[in-house]
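Based on the sequences and whatever the hints tell you, model everything.
What follows is the residue order along each chain.
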Amino acid sequence: MPKFEYAPAPESRAIVTIEKSYGLFIDGAFTRPKATFPTINPADETVLAEVSQAGPKDVDKAVAAARRAYEGVWGRMSGAERGKYLFRIARILQERAREFAVLETLDNGKPIKETRDVDVPVAAAHFFYHAGWADKLEYAGLSASGADVPRPHGVVGQVIPWNFPLLMLAWKIAPALATGNTVVLKPAETTPLSALLFAEVCQQADLPAGVVNIITGDGRTGQALVEHPDVDKIAFTGSTDVGKAIARSIAGTAKKATLELGGKAANIVFDDAPIDQAVEGIISGIFFNQGQVCCAGSRLLVQENVHDQVVAKLKRRLETLRVGDPMDKNSDLGAINSKAQLDRITALVEAGVAEGAERWSPECTLPAKGYWFPPTVLTGVSQTHRVATEEIFGPVLSVLTFRTPQEAVAKANNTAYGLSAGVWTEKGSRILWMADQLRAGVVWANTFNRFDPTSPFGGYKESGYGREGGRHGLEAYVTTAPSTLTGTAR
Amino acid sequence: MVTVSTTTRTAQDLTAQARDVLGVSRLTNHALTSWLHGLPGVDQVGCEGRAAALGTRSVKTTSKAWAIDTAIGMIDLTTLEGSDTVGKVRSLCAKALVPDPLDPTTPRPAAICVYGDMVATAKAALGDSGIHVAAVATAFPSGRASMAVKLADTRDAVEAGADEIDMVIDRGAFLSGDYLTVFNQIAEVKQACGTAHLKVIMETGELVTYDNVRRASYLSMLAGGDFIKTSTGKVQPAATLPVTLIMLEAVRDWRDLTGIQVGVKPAGGIKTTKDAIKYLVMVSEVAGDDWLSPEWFRFGASSLLNDLLLQRQKLTTGAYSGADYVTID
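Protein sequence lines, in the order shown, are assigned to chains A and B. According to my numbering, the first sequence is numbered sequentially starting from 1. According to my numbering, the second sequence is numbered sequentially starting from 1.
Treat the hints as calculated values from the structure; they're not laboratory data. Each hint should be verified, as a subset may be incorrect.
What the hints assert, rightly or not - Have a look at the derived ranges for each label pair, beta carbon to beta carbon:
id, chain 1, residue 1, chain 2, residue 2, range
1, B, Leu97, A, Arg450, 49 to 55 Å
2, A, Glu95, B, Gly55, 39 to 45 Å
3, A, Glu95, B, Ser129, 22 to 28 Å
4, A, Ala368, B, Thr327, 49 to 55 Å
5, B, Gly38, A, Phe451, 52 to 58 Å
6, A, Glu50, B, Gly55, 38 to 44 Å
7, B, Thr316, A, Arg13, 27 to 33 Å
8, A, Ala7, B, Ser129, 57 to 63 Å
Everything numeric in this text was worked out from a predicted model, so none of it was measured. Glycine included, C-beta positions come from ideal geometry on N, C-alpha and C.
Pasting the structure below:
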């Protein structure tokens, strides 16, 4: 037993009121709940609430409401006015930050420390950032000089994943509204609650009815939304398989799409790296959000001459990682989001061990109920192993080695994905060279998993197309072709 | 009572040991430079981020009570002023003997830290209480004096009965790359300490970079320091969490390398219970349980004790008392 034992420090859940059941948020109001299914707390498998499964008719209604709002009010509103609404939403998110943090932790299973310090503040930051763009779009350099000012597409259908429910909502909704589009958003089946709370925020901010519509449901709802003929643009974050299906279903239509998909990022540690900080970066790279991050640093590429030192330091550090009750302010790792995800992680790790990887986890007692997986390090992994090529989306690090910078680049790029990468070295020139060589949308130097609304995010290859965030992220939500609608947003 | 291993080391012993650690036949400045500059660098952003993250641990109820008592027991209760008098030092010693007259279960601090000329006074006042007397020496705080003066300063304090010596390194020599001079001075002072414990003050506020802090930590340990200490308290910034993080990593890795355990003492600017708990969290999660005792971790502080006492009273009685319920000494 350690000398300095931290007493339980649970965040109170009293701050948030969870309804027994939720309808859909369409045209500024909630519908009566129907065809409900439960959403559970993955940390203890208790049912938090019942949410409605939106069918094709509901999708019709939501898209129609978004169309009316686009043509009637939002598409005609000046950028400065739209900006005011976004600023208001951002401030309400900050004011209700504790509520959102608690709800997100309950529904997702991630530690309160992360929802409190990352998910909610960064979500608010995205609204603040895009609020500032709303009346400055003609200066964003999106259209050639002298050309028409950028115009919104119209109705945007957005489908988001369960790993960062509120943050992904912010990534999607903030730029869409700033550019004058209206939105129908479908949160993930297992994590709908923060989006439904966000619907309340839209009401609180007096956002005109129909500008944001939130419909819950499983993949069928998402498919109906994507295939709806009156949706002008699709924005999707999620698995590569679903992304491919979306690309197929919209082929031959006029719909635009951005897809932010999977990843198998290399976190590359050179022998001249700041080792102690690199160890921290490896940990935040793969254990942040239980590794359920598309840009997670799931492949550690470490220079062979420091492999033993880095792995020893990593293991020692992992002994202090605290796994447990996500509501406890001292928990570093929470629960896996769903049984299905837990099964997938378990199966892939078993495959890795069968292929010859050596499995290691620190001693930790996992709660009896809920979906839990210990932080795991797989050493002796080769490029050919499944755990080196397939996205695990869990707290599992595959350790590989390299000998030269060229070999590091070759191995890092040798993947179907290309979302992110990390480089650890004290040599500035090598960082620049590596960033140039790596086929990844984001390259972090001597850090990992940093997110800022000003910075574009997106992938190469099977990690998708389009960028989100920053000036680049606006591009996906505007067209410079002449509008068919008179008096649209300027 | 604080137990401290008492080992007498000659400067020759220490040089021989250093040659062994470095794997060289002669300890030259070149050898020291190669070794110190071969240590992994420190990334400033990452280091400060890690320190800040450790600062968010939530320490409540029973763990807070444990942390407060542990922190009190680790204090080197300090007065280092030109205006120090016999009366002031006696008063501080009385405070160390009875930190909280309202609660006799309150633990005592580890030591009283004074200038060399006050050692005899402190020694007499503390008697056989087990509370140590630490003396700053070697032309504290600047260290700008000849070696003969520094050694005389040290011997004077030791002869007056000091249990611990807090020396300062020659920052000028360090910053000019003359690591051998820094090494030799520490080793000679260690020899002059005899059985007294040696704390090496690096004055990290003057070393500025974390790379320098790491190198100075290794150099101080190599030269025989029993403790590495951040600051004199006379230079800003004094102790910070990131600097202490680097030092805790250094003592942890040094023990892996040599089997020798060295203590850490942040000093200056640690004033609140909240601060002290952040340091203890860092000791626990970075260096480990082996450092969570006054033998291996100290706070150089003066006002910290009263805040710890106030928080202790709050935990025991359930109510905040106020500044008038702790004594000013």
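Item to check | List of violated hint numbers, smallest to largest | outcome: 2, 3, 5, 8
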